[in-house]
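J.: Given next are the chains, with one letter for each unit.
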Amino acid sequence: MKNQNVRMNPVSLFALALLIPLLLMLNGCASSDVSNTPSEGTEETEETANTERTLPPANERFSSLAQIEQNPAVKRRPLDIQHWQTTHGARVYFMAAPELPMLDLRIVFDGGSARDGNQAGVAMLTSSLIGEGTQQLNSRQIAQGFEGLGAEFGSSSYRDMAILSLRSLTDSNLLEPALALFLEVTSQPTFPAEAVTRTKNQALASLQYQKQQTGKLANLAFFSKLYGTHPYASPSQGTEQSIRDITRNDLQHFFERYYVASNAVISLVGDLDRAQAEIIAERASRSLAAGERAPALPDVSAPKTAINQHIDHNSQQTQIIVGGLGIARGDDDYVALYVGNEILGGGGFGSRLMEEIREKRGLSYGVYSYFSPMHSRGPFLVSLKTRADQSEQALQVVNDTLSKFLSEGPSEQELITAKQNILGSFPLSTASNRSIVGQLGSIGFYDLPLDHLDRFLTRVEQVDRQQIREAFQRYIDNDKLITITVGQPLVPETVPETVPVVSNDN
Amino acid sequence: MRISWLLPRAASLLALLLSLSFATSSSFAAENTTHEFVLPNGLKLIVREDHRAPIVVSQVWYRVGSSYESFGTTGLSHVLEHMMFKDTKRLETGEFSRIMASVGASENAFTTRDATGYFQVLAANRLPLSFELEAERMHNLVISEEEFKREVQVVMEERRQRVSDKPQGLTYERFQSTAHQASPYSNPVIGWQQDLESMTVEDLRHWYQKWYTPNNAIVVVVGDVNADEVLAQAKQYFGPLESRELPTVKPLIEINEPGERTISLALENAHLPSLFMGFNVPVIATSEIEWEPYALRMLSGVLDGGYSARIESELVRGQEIASSAGVGYSAFTRGDSLFIISGIPNTEKGHDIAELEAAIWQQIDTLKQTPPSVEELDLIKAQITSSLIYQKDSISSQAQQIGSLESIGLSWRLADLDLERLNAITPEQIQQVAKKYLTRERLTVATLTPKPADTQPES
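Protein sequence lines correspond, in order, to chains A and B.
According to my numbering, the first sequence is numbered sequentially starting from 1.
According to my numbering, the second sequence is numbered sequentially starting from 1001.
Read the hints as simulated data drawn from the structure, not as lab findings.
Using N, Cα and C, we set each Cβ at its ideal position, and we do this for glycine too.
Take these hints with a grain of salt, some might be off.
Residues on chain A that point at chain B, a partial pick, calculated with CB under 7 Å [what the hints assert, rightly or not]: (1) S64; (2) V74; (3) R77; (4) E147; (5) G148; (6) R198; (7) Q202; (8) L204; (9) T417; (10) Q420; (11) S425; (12) N433.
Straight-line Cα separation of at most 30 Å, DSS-like style, residue types lysine-lysine; simulated pairs [unchecked claim]: (13) A:K216 - A:K360; (14) B:K1349 - A:K216; (15) A:K304 - A:K216; (16) B:K1089 - A:K419; (17) A:K304 - A:K225; (18) A:K419 - A:K75; (19) A:K480 - A:K216; (20) A:K225 - B:K1166; (21) B:K1235 - A:K75; (22) B:K1381 - B:K1435; (23) A:K404 - A:K480; (24) B:K1149 - B:K1210; (25) B:K1089 - B:K1210; (26) B:K1349 - B:K1166; (27) B:K1166 - A:K360; (28) B:K1451 - B:K1349; (29) B:K1089 - A:K360; (30) A:K211 - B:K1166; (31) B:K1235 - B:K1089; (32) A:K360 - B:K1149; (33) A:K304 - A:K480; (34) B:K1451 - A:K216; (35) A:K404 - B:K1149; (36) A:K360 - A:K480; (37) A:K216 - B:K1166; (38) A:K211 - B:K1451; (39) B:K1451 - B:K1166; (40) A:K211 - B:K1349.
Next comes chain B alone, as it looks inside the complex:
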């Protein structure tokens, strides 16, 4: 997947807003255009008709990701994702992508903590090809020793590129591993280097046998199609596949108030200091109190829902303590997650990590003492409301939203209730979750500082 190093401000705003508006887009008559089916073998199919352009996106989601892995075998889901483009009984290595390229499909795959997904975007009348080839690799994958050995080298290069050579990426990985105590979210999706080294082809074959079965798959289709025809095509290609019994999946609940943790890294290849603060919090799938994750999302909006929000206005502008700062909270994970505030201190102004951390605490304490204003909440709600329509400009983001919800055991219909639930949050509820969750007992702090090279690089 290509990585954009630089994005314009509008994109940045959007990225931040996504955490907030993640599941808000389809309230607009989605019921009328979205159809849900379950085949007899357990495969779930969700089709949304969108006839704006004659194209379609087809996604297959498996409910497996790094949070299903155990210590010593991290990275399995992601390496398996790579192997899915190799041999099957009826496809040669690489042929899947070659066929897709020959029909002009844009395709790729992704692995997250909670899911593994495969997708193609192509001319709408070519959808059956997607189904036929996805069905083939859903049950006929052949994992060879030789292809595995070569591919795991590619993954190690990917790891060097994403983590080892990125000081902030490396720090973030260590931060996550410290912040999650009783949860496999402590492991990186790409896996630890030593686990990649000890991984075997047998491990992968077992992983495939265990999780790649129609009753663990969700097929999401959005585009210029007819739902009944899509159902018939799905029955034709996925229908004959036999399902297997799935392991029981346990809830991922973090320890309550684990205690304050800190981790500090000094790296020679870092040129900018960075700070990560993460608080252990519930999410929609785990919360005992339904409104709390919604209040946490609004809290994230008050702090960082746009260029006018508190962090940008008061820490980046205003006091100029941070060169950049932001909040991350995804309420859409299957296990307890983190509310993260992070930033880079404004070193040109002489500020350091300790001052940035103090300034962030000041913002938190202010919210604990005084609820946010109704006007602030109105700005956030206006952005969410318009994003409902903007998101319809992209069939892929609509499909992504449906799949993200379904893959963690929530219904895509939740998206329709989302705006309503966010709108119902009061300033006092935001204050309450700030008091309850943004505490030292739930906090992990990770810091990165540049380390001066003490010698010339050895040659």
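Isolated chain A, as found in the complex:
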């Protein structure tokens, strides 16, 4: 499940904080999203040797490939996942990883922006303010505490999840104080007035920055159209008005309601034995109020008609998003849709969309599609950027590609390759402690079985073309897609609905 968390970026203020450092760190590194897939019917070229050449099968040209085909089994890191509940009702997932003297600890709460209610941005602000103060410590003392121990503290917020994390060495002279500090910081935040004001100001700056980002604007519009009155429609980063209106009390209440043991999943991966893990989980759970689990989110209904919206923006490229309503976590169709989407646009390398948009036509640097299964049904979407004057052509290609895939499904060869890819790359997704602690958090958060990853692989092996085609047809209706474009103004008759400008707040 290499793409399990793909593009589910946390909502945070630190977009802004990172803006410049990232530019600098990249040092102008211009990586390329390489894509592949053969051009069908290689076209004539004057000077290359490969015009209309016919090469023997790849496994005859490359002996190492033939060897792999003879011995296709792949090993992976064994995952001995253990699960229990603390006395306060927190669900715990643990894997011992004695190879490195370090611990990754995560507490995942059902307290993402889906719980914003009518206060858009409250989940994100609450998350950002954890670490800004306790009864005993101010923000600088907290930071110095973690830094002096060589520990890393994190707090982030998504649509479904709010995550607190600690990475520390397991040398007890370091782990013990790091853990004590982590538990103090995460269980007794005081939301100091000065920090609340400052963080709200950063959130407002972040909203200004958002106005420069066509991708972000398109995403907001897409979620708003797709989800209507469902909580997922709420902009995770808030609006200028909602951010200004949120008070310190609101943050305190949000914290008290959602950052509680019954609403928590604790995952641990590191150089601990079961007994040590139990003690740590118990301490973490006891430091929180017992509280109650958050109620289930309401159901979502799929759009009844096609929706098109264009947002004017003075950018050279137009951002295009096309999509609809996907599936919830735990859905039986997940594997069929996941494998199918790898072929359509998820795999990046060699997907149909990449082939049609980038390889054949050079229309974009990259195009991708994904399903994002969440507590409620998450979105399915296709996304790309292209030069403004090519946007209609690109949109047409996306729609044609999608329509063809919906009616025909994948070819047998595409399915074989996709399965080989998913099964072959699986060991990569469980190689590091960091990735495993994330997988454990998801398994717990969505109440998936402990052997979820094995079941996933087994189902990938079994899924067939017809199941994929039927699953796509069940969820994606070609006549009821939502299409959002953000870019230079279009000729009016080409779009049914035109919404003016970005400059007012959303």
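Starting from the structure of chain A, add chain B where the hints point.
T.: Structure of chain B alone, referenced to chain A:
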């Protein structure tokens, strides 16, 4: 390469720390597990055994990047990187990636100012496939006119996405071009738009002939492998390739104290003002005084080594003059580089770029007058020490570190000395480099301000 727009705070801390701890991770018994070989044709192979998970990362680095290019031909290295996924004598266009996908390899490539790299992460016993296909495109690439014309359009889209439509990205590009006077670091890796337009397929073929030869390549392998077996595989696939003579590479030394420069941009698509301040400084590969780049790295840590460091504590919190601010200094480039301080003024509090710049100068002047405290340095050292172990959680970042050093002519063994050299830096040495290098004579200031649209957008 996917770009993450938003990252959690922990990631931000890490990103900042990277500039500091870039080459620190392997001191831990690395000698015992890391092996270096040179094949008779000059190809260098470095293998580190890491048996935690049954996977391997394989990277091929070429010592060529945008700093090897000249005016009028910028962007060649990067476009060539794209073309490396097209036809070879024995591979069809796109087939490289298709084969890699079919064995579950995660792969990509990157171009920097100093190097071009290609990598795959895959099941450990599949490493020979990486070698066989990399060897094929190392000497058998076929660059066709038709594929080039289409691919350069993709690169122009990439440029629009990364630079033209990103006001801060565009400003940063202009800032770099102003800050570097006598060095090709003034050119963007992706190339200037007009150079992309005038680039020809012949230019690319010459570039490939000139630089893609085994004696200009470093192969880095980290993972669940046996070094002797990897050596045998490398000999089998890369061994037969013939090397060619390489052009002499000249040192990249900037003018000493070039003089103060400023550049200001007002852009309609900007909604936030930004400030970049860059000082011309030496790096490890160029410094005449060995400890100075290490002192500059510690200086960067004092200012911005974490959420408790001076910029976060005093400018973002405290005075609240900046919405965000940070320091960038990479000591691991082959030529003289920049010490960069940048930020976004806190406009909600009514602060502007001039006030932010003044506040940054105040921080610099304080350090020139009084050395930092031992306690501050201890916090930085503790973070570096633990990052040695954290970095081992990722085989890719270990390989990246080895390749980054080797590709600029430094030894991967330098990483083992890194912590020691940073630990040896005294507060007074940090004060000295602040005095010597953070001066007006070495400064370039670039500012970005939002420009109100004077008319409705034309339709």
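J.: Take the hints in turn and mark each one as holding or not.
T.: Each hint, compared with the structure:
1. Because the beta carbon of A:S64 sits about 4 Å from the nearest beta carbon in chain B, less than 7 Å, this interface hint is met.
2. Below 7 Å, beta-carbon pairs count as interface contacts, and A:V74 has one with chain B at about 4 Å; its hint therefore holds.
3. Given hint, A:R77 at the interface with chain B, holds; its Cβ is 4 Å from that chain's nearest Cβ, closer than 7 Å.
4. Taking 7 Å as the C-beta contact cut-off toward chain B, the hint placing A:E147 at the interface holds, the least distance being around 4 Å.
5. Using the Cβ-Cβ criterion of 7 Å, the hint placing A:G148 at the interface with chain B is satisfied: the shortest such distance is roughly 5 Å.
6. Satisfaction of the interface hint for A:R198 is found here, the shortest Cβ-Cβ separation to chain B being roughly 6 Å, below the 7 Å cut-off.
7. Hint on A:Q202 holds. Least Cβ distance to chain B is approximately 5 Å, under the 7 Å limit.
8. The beta carbon of A:L204 comes within 5 Å of a beta carbon in chain B, closer than 7 Å, and the hint placing it at the interface holds.
9. Hint status for A:T417: holds, given a least beta-carbon distance of 5 Å to chain B, under 7 Å.
10. Because the beta carbon of A:Q420 sits about 5 Å from the nearest beta carbon in chain B, less than 7 Å, this interface hint is met.
11. Because the smallest distance between the Cβ of A:S425 and any Cβ of chain B comes to about 4 Å, under 7 Å, the interface hint for this residue holds.
12. The closest approach between the C-beta of A:N433 and any C-beta of chain B is roughly 5 Å, which is under the 7 Å cut-off, so the hint is satisfied.
13. For the hint linking A:K216 to A:K360, the alpha-carbon distance of about 27 Å falls within 30 Å, and the restraint holds.
14. With a CA separation close to 25 Å, the supplied pair B:K1349 and A:K216 stays within the 30 Å bound.
15. This hinted pair checks out: A:K304 and A:K216 have alpha carbons roughly 25 Å apart, not beyond 30 Å.
16. Under the criterion of a C-alpha separation no larger than 30 Å, the hint pairing B:K1089 with A:K419 is consistent with the structure, at around 28 Å.
17. About 11 Å separates the Cα atoms of A:K304 and A:K225, which keeps this hinted pair within 30 Å; it holds.
18. Restraint check for A:K419 and A:K75: satisfied, since their Cα atoms lie roughly 16 Å apart, inside the 30 Å limit.
19. Using a Cα cut-off of 30 Å, the hinted pair A:K480 and A:K216 holds, with the two alpha carbons roughly 22 Å apart.
20. Of the supplied pair hints, the one linking A:K225 and B:K1166 holds, its CA atoms being roughly 26 Å apart against a limit of 30 Å.
21. Only pairs whose Cα atoms come within 30 Å are accepted, and B:K1235 paired with A:K75 is accepted, the gap being roughly 26 Å.
22. Under the criterion of a C-alpha separation no larger than 30 Å, the hint pairing B:K1381 with B:K1435 is consistent with the structure, at around 23 Å.
23. Proximity of A:K404 to A:K480 is assessed by CA-CA distance (about 16 Å); at most 30 Å being required, the pair is judged to hold.
24. Distance check on the hinted pair: B:K1149 and B:K1210 sit about 21 Å apart at the alpha-carbon level, within 30 Å; holds.
25. Taking the CA atoms of B:K1089 and B:K1210, the gap is near 18 Å; set against the 30 Å cutoff, the hint holds.
26. Distance hint between B:K1349 and B:K1166 is fulfilled; the C-alpha atoms sit about 25 Å from each other, no more than 30 Å.
27. Our distance criterion of 30 Å between C-alpha atoms is met by B:K1166 and A:K360, whose separation comes to about 27 Å.
28. The straight-line distance between the Cα atoms of B:K1451 and B:K1349 is roughly 20 Å, inside the 30 Å bound, and the hint therefore holds.
29. About 21 Å separates the Cα atoms of B:K1089 and A:K360, which keeps this hinted pair within 30 Å; it holds.
30. For the hint pairing A:K211 with B:K1166, the CA-to-CA distance comes to about 11 Å; that is within 30 Å, so the pair holds.
31. Simply put, B:K1235 and B:K1089 have alpha-carbon atoms about 21 Å apart, close enough for the 30 Å limit, and the pair holds.
32. For a cut-off of 30 Å, the pair hint linking A:K360 to B:K1149 stands: about 11 Å separates their Cα positions.
33. With a C-alpha separation of about 7 Å, the suggested pairing of A:K304 with A:K480 holds against the 30 Å cut-off.
34. The suggested pairing of B:K1451 with A:K216 holds, with an alpha-carbon distance near 21 Å, which does not exceed 30 Å.
35. For the given pair, A:K404 sits about 28 Å from B:K1149 by alpha-carbon distance, which is consistent with the 30 Å threshold.
36. About 27 Å separates the Cα atoms of A:K360 and A:K480, which keeps this hinted pair within 30 Å; it holds.
37. Between the alpha carbons of A:K216 and B:K1166 the distance comes to roughly 13 Å, so the proposed pair stays at or under 30 Å and holds.
38. Restraint check for A:K211 and B:K1451: the C-alpha separation of about 14 Å stays at or below 30 Å, so the hint holds.
39. Between B:K1451 and B:K1166 the alpha-carbon distance is near 14 Å, which keeps this suggested pair within the 30 Å criterion.
40. Proximity of A:K211 to B:K1349 is assessed by CA-CA distance (about 20 Å); at most 30 Å being required, the pair is judged to hold.
The structure shown violates none of the earlier numbered hints.
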